[in-house]
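Enquirer: Next come the chains, spelled out residue by residue.
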Amino acid sequence: EADIYQTPRYLVIGTGKKITLECSQTMGHDKMYWYQQDPGMELHLIHYSYGVNSTEKGDLSSESTVSRIRTEHFPLTLESARPSHTSQYLCASSGTGGTASGANVLTFGAGSRLTVL
Amino acid sequence: DAKTTQPTSMDCAEGRAANLPCNHSTISGNEYVYWYRQIHSQGPQYIIHGLKNNETNEMASLIITEDRKSSTLILPHATLRDTAVYYCIVHRGGSYIPTFGRGTSLIVHP
Chain Y
1 EADIYQTPRY LVIGTGKKIT LECSQTMGHD KMYWYQQDPG MELHLIHYSY GVNSTEKGDL
61 SSESTVSRIR TEHFPLTLES ARPSHTSQYL CASSGTGGTA SGANVLTFGA GSRLTVL
Chain A
1 DAKTTQPTSM DCAEGRAANL PCNHSTISGN EYVYWYRQIH SQGPQYIIHG LKNNETNEMA
61 SLIITEDRKS STLILPHATL RDTAVYYCIV HRGGSYIPTF GRGTSLIVHP
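Just so you know, the sequences run in chain order Y and A. Sequence positions in the first sequence follow our numbering and run 1 to 117. Sequence positions in the second sequence follow our numbering and run 1 to 110.
These are computed hints drawn from the structure, not numbers from a lab. Heads up, some of the hints might be wrong.
Claimed, not checked - When the alpha-carbon atoms are kept at most 20 angstroms apart in a straight line, the in silico SDA-like pairs for lysine to any residue are as follows:
(1) Y:18 - Y:96
(2) Y:57 - A:51
(3) Y:57 - A:97
(4) A:3 - Y:42
(5) A:3 - Y:45
(6) Y:57 - Y:72
(7) A:3 - A:69
(8) Y:57 - A:100
(9) A:3 - Y:60
(10) A:3 - Y:116
(11) A:3 - A:101
(12) A:3 - Y:59
(13) A:3 - Y:37
(14) Y:57 - A:107
(15) A:3 - A:79
(16) Y:18 - Y:80
(17) A:3 - Y:80
(18) A:52 - A:21
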């Protein structure tokens with residue numbers, strides 16, 4: 001049973017539309033992440049958060065923005081979608097605490113596959 | 001976090017052991033080795049992690065060399081459902097952010 005939920009799973013929209021990808025987790029994890037992945041390619045970190053009101057940009061530059069108003073919620077927004085934004089977006093979370101305990105294990109959602117026409 | 005090197009692809013016969021290698025020669029003392037796998041285009045799934053001792057769980061075994069510069073993930077009896085991309089990452093936790101490489105595409109054939 002998934003403890004981290006992403007919606008929508010699939011989205012096809014036209015250029016110029018504003019979209020928000022939702023990500024929610026029920027594990028009380030402080031850290032949350034957004035990765036972007038094209039088919040057959042590696043995951044690229046685009047945003048992360050250490051906790052409420054904390055957001056940072058990742059290694060891959062992205063025109064998307066994120067917010068973290070509640071611990072369990074980490075939505076990603078594209079103000080004006082373009083075909084170059086077509087990709088899969090994966091949300092993940094991890095806890096704090098000692099590494100040996102497994103607190104730093106990432107739990108991923110099922111992903112949101114975005115197609116911009 | 002230290003970088004890792006994995007073969008691009010491997011294949012294995014169903015029922016046989018799959019041994020997936022990973023080099024992490026620049027690993028530091030407080031970095032753990034983690035393995036994840038990604039089936040088709042689903043979100044990656046955690047498999048196992050370890051610091052220096054060998055580890056085993058219901059999914060796999062992790063063998064880490066004594067100098068910790070490499071490790072091997074072992075799937076003891078591979079099934080067709082184990083066909084996936086396997087990622088090895090090293091990560092010290094805390095405020096450090098885990099990054100993924102290309103991983104190894106494992107194909108299990110009948």
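Enquirer: Indicate, hint by hint, whether the structure satisfies it.
Expert: Verification of the hints:
1. Y:18 - Y:96: Distance of about 33 angstroms is beyond 20 angstroms: violated.
2. Y:57 - A:51: 29 angstroms, violated
3. Y:57 - A:97: Cα-Cα ~11 angstroms, so holds.
4. A:3 - Y:42: 14 angstroms, holds
5. A:3 - Y:45: Distance of about 15 angstroms is within 20 angstroms: holds.
6. Y:57 - Y:72: Distance ~19 angstroms between residue 57 (chain Y) and residue 72 (chain Y) Cα, so the pair holds.
7. A:3 - A:69: 11 angstroms, holds
8. Y:57 - A:100: Distance ~16 angstroms between residue 57 (chain Y) and residue 100 (chain A) Cα, so the pair holds.
9. A:3 - Y:60: OK: residue 3 (chain A) and residue 60 (chain Y) at ~17 angstroms, within 20 angstroms.
10. A:3 - Y:116: 33 angstroms, violated
11. A:3 - A:101: At roughly 8 angstroms apart (the allowed maximum being 20 angstroms), residue 101 (chain A) and residue 3 (chain A) satisfy the hint.
12. A:3 - Y:59: 14 angstroms, holds
13. A:3 - Y:37: Distance of about 19 angstroms is within 20 angstroms: holds.
14. Y:57 - A:107: 34 angstroms, violated
15. A:3 - A:79: 29 angstroms, violated
16. Y:18 - Y:80: Measuring from Cα to Cα gives roughly 5 angstroms; hence the hint holds.
17. A:3 - Y:80: It is violated: about 35 angstroms lies between the C-alpha atoms, which goes past 20 angstroms.
18. A:52 - A:21: 15 angstroms, holds
The structure shown violates the earlier hints numbered 1, 2, 10, 14, 15 and 17.
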